[in-house]
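K.L.:
Chains A and B, in that order, are what the protein sequence lines are.
Letter by letter, the first sequence follows residues 1 to 205 in our numbering.
Letter by letter, the second sequence follows residues 1 to 138 in our numbering.
Think of the hints as simulated: they come from the structure by calculation, not from any bench.
Note that CB positions come from ideal geometry on N, CA and C, so glycine has one too.
Just to be clear, a hint being listed does not mean it is correct.
To list a few chain A residues with every Cβ distance to chain B over 10 angstroms, as calculated [unchecked claim]:
1. L85
2. A96
3. T110
4. L183
Away from chain B, derived, C-beta distances all over 10 angstroms, residues of chain A [claimed, not checked]:
5. K30
6. S48
7. P50
8. G60
9. Y92
10. N95
11. P98
12. D115
13. D186
Result set (PhoX-like, lysine-lysine): computed pairs, CA atoms no more than 25 angstroms apart in a straight line [stated by the list, open to error]:
14. K79(A) with K153(A)
15. K99(B) with K123(B)
16. K169(A) with K79(A)
17. K71(A) with K68(B)
18. K189(A) with K204(A)
19. K99(B) with K121(B)
20. K196(A) with K90(B)
21. K204(A) with K123(A)
22. K196(A) with K98(B)
23. K77(B) with K98(B)
24. K99(B) with K58(B)
25. K177(A) with K58(B)
26. K196(A) with K116(B)
27. K23(B) with K189(A)
28. K189(A) with K77(B)
29. K189(A) with K76(B)
30. K23(B) with K119(B)
31. K196(A) with K119(B)
32. K204(A) with K121(B)
33. K204(A) with K98(B)
34. K204(A) with K58(B)
35. K79(A) with K16(B)
36. K116(B) with K204(A)
37. K177(A) with K105(A)
38. K77(B) with K204(A)
39. K16(B) with K185(A)
40. K77(B) with K23(B)
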Amino acid sequence: MGKLWYIKNPSKAIAKTKTETVAKKGRTPKHYEHQKPNTRKRLRARKSNPTKIRSSITPGVVVILLIGRHKGKRVVCLKKLESGLLLVTGPYCLNACPLRRVHPKFVIATSLTLDISGLTSTKAIDDVYFQRTKMDEPKKEKQTDLFIADKKKFTLTDEQKADQKTVDKEILECLAKRDDSSLVKDYFKSLFGLSKHQYPHSLKF
Amino acid sequence: MVFELYVEIGRVALIKCGPNKGKICAIIDVIDQNRALVEGPSIKDGVIGVPRQSMRFKHLQLLPYTIKICHTTRTKKLTAAWEKSEISKKWMESAISKKLIASERRKGLNDFDRFKLMKAKQKRQRMIRMCMGPMPKK
């Protein structure tokens with residue numbers, strides 16, 4: 001299959017190809033009058049395919065993180081972002097995992113699902129929320145860099161800290177509705193690990 | 001090592017592999033050195049039956065129960081002998097059967113279940129240690 005071409009104005013494209021039947025000097029023309037130019041291929045617009053995440057991961061599912069500094073932690077999957085990443089949070093008050101984006105490939109979905117249908121604070125959070133602003137570092141000479149210790153580090157804004165608190169609060173409210181809420185809280189606090197004779201392919205999550 | 005359980009007509013065995021894994025049957029006849037003719041009757045509220053078929057001895061685990069039958073008895077007489085000896089009841093009460101059920105259950109636990117199990121075990125150990133503590137050491 002050839003390349004799929006995307007054309008903004010199909011009508012203009014047809015008009016263009018019609019005029020191209022005039023031959024250039026010394027060359028045979030691209031199309032002859034009786035031939036229809038191949039516009040069908042060109043007119044096929046590109047389809048947008050939003051990323052599909054496996055059906056075991058839905059909002060509210062408790063998920064085990066497998067990579068990163070929070071590996072082994074059980075966290076709540078809040079939603080799927082446009083970039084295809086998952087938005088998760090510890091909740092921070094239970095296992096110190098903040099509002100974070102995570103790749104769905106590096107995550108094990110468990111069968112435990114929390115009912116977070118009442119959550120409203122996560123609606124405003126998207127990929128743009130996580131974009132870090134570039135810190136302006138004035139160009140210094142290399143030597144001076146060694147002695148001057150004030151390098152700008154990334155810190156959370158007060159707004160982000162407040163967001164974390166509201167999300168945590170809402171999740172704990174959802175948790176409190178469950179009968180086994182104290183067990184689930186301990187479950188979040190604990191880490192996942194494989195012990196002897198436990199093989200991931202034979203374990204059920 | 002002395003053998004205690006022998007292959008004989010009427011010996012009850014547990015099927016270890018194949019589609020009938022986990023079911024019990026009676027040895028009705030011996031075909032040759034490797035194979036036996038087996039059948040497990042299906043009782044109304046009890047164990048699911050095993051249709052009459054040849055089965056390799058290697059796929060069978062002999063159990064300490066026997067029923068009194070002649071070789072190649074028909075299903076009706078086999079069922080009658082089976083129910084008379086109450087094999088199904090004895091099997092359900094046996095330790096092996098309970099262990100098999102428990103191991104199946106353990107395989108089906110999900111991550112949260114395993115966590116709850118771990119917490120329950122810890123709690124039990126704590127209670128045992130609390131009792132053991134004040135006991136005088138002999």
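K.L.:
Take the hints in turn and mark each one as holding or not.
P.N.:
Hint by hint, here is what the structure shows:
1. L85: holds (22 angstroms)
2. A96: The claim holds: A96(A) sits with its nearest Cβ about 19 angstroms from chain B, beyond 10 angstroms.
3. T110: violated (5 angstroms)
4. L183: violated (6 angstroms)
5. K30: holds (64 angstroms)
6. S48: S48(A) clear of chain B: closest Cβ-Cβ about 35 angstroms, beyond 10 angstroms.
7. P50: The claim stands: P50(A) keeps its Cβ more than 10 angstroms from every Cβ of chain B (closest is about 29 angstroms).
8. G60: At roughly 14 angstroms from the nearest Cβ of chain B, G60(A) sits farther out than 10 angstroms, so the non-interface label holds.
9. Y92: Correct as stated: the minimum Cβ-Cβ distance to chain B is 20 angstroms, above 10 angstroms.
10. N95: holds (13 angstroms)
11. P98: P98(A) clear of chain B: closest Cβ-Cβ about 22 angstroms, beyond 10 angstroms.
12. D115: Answer for D115(A): holds, closest chain B Cβ roughly 15 angstroms.
13. D186: violated (7 angstroms)
14. K79(A) with K153(A): Violated, because 28 angstroms separates the two Cα atoms, which is more than 25 angstroms.
15. K99(B) with K123(B): holds (23 angstroms)
16. K169(A) with K79(A): Status holds; Cα separation ~17 angstroms.
17. K71(A) with K68(B): Distance of about 61 angstroms is beyond 25 angstroms: violated.
18. K189(A) with K204(A): Roughly 20 angstroms separates the two Cα atoms, so the pair holds.
19. K99(B) with K121(B): Holds. K99(B) to K121(B) sits at ~18 angstroms (cutoff 25 angstroms).
20. K196(A) with K90(B): Between K196(A) and K90(B) the Cα gap is close to 34 angstroms, so the pair fails against 25 angstroms, i.e. violated.
21. K204(A) with K123(A): With a Cα-Cα distance of about 32 angstroms, the restraint between K204(A) and K123(A) is violated, given a limit of 25 angstroms.
22. K196(A) with K98(B): Holds: K196(A) and K98(B) sit about 23 angstroms apart, inside 25 angstroms.
23. K77(B) with K98(B): violated (28 angstroms)
24. K99(B) with K58(B): Holds: K99(B) and K58(B) sit about 21 angstroms apart, inside 25 angstroms.
25. K177(A) with K58(B): violated (53 angstroms)
26. K196(A) with K116(B): holds (18 angstroms)
27. K23(B) with K189(A): violated (42 angstroms)
28. K189(A) with K77(B): violated (60 angstroms)
29. K189(A) with K76(B): violated (59 angstroms)
30. K23(B) with K119(B): The given pair, whose Cα atoms are some 33 angstroms apart, is violated under the 25 angstroms limit.
31. K196(A) with K119(B): Holds, because 18 angstroms separates the two Cα atoms, which is no more than 25 angstroms.
32. K204(A) with K121(B): holds (20 angstroms)
33. K204(A) with K98(B): holds (22 angstroms)
34. K204(A) with K58(B): violated (30 angstroms)
35. K79(A) with K16(B): At roughly 46 angstroms apart (the allowed maximum being 25 angstroms), K16(B) and K79(A) break the hint.
36. K116(B) with K204(A): holds (14 angstroms)
37. K177(A) with K105(A): Outside the cut-off at roughly 30 angstroms; violated.
38. K77(B) with K204(A): With a Cα-Cα distance of about 44 angstroms, the restraint between K77(B) and K204(A) is violated, given a limit of 25 angstroms.
39. K16(B) with K185(A): violated (41 angstroms)
40. K77(B) with K23(B): Answer holds: K77(B) to K23(B) is near 20 angstroms, not above 25 angstroms.
Hint violations for this structure: numbers 3, 4, 13, 14, 17, 20, 21, 23, 25, 27, 28, 29, 30, 34, 35, 37, 38 and 39, all remaining hints satisfied.
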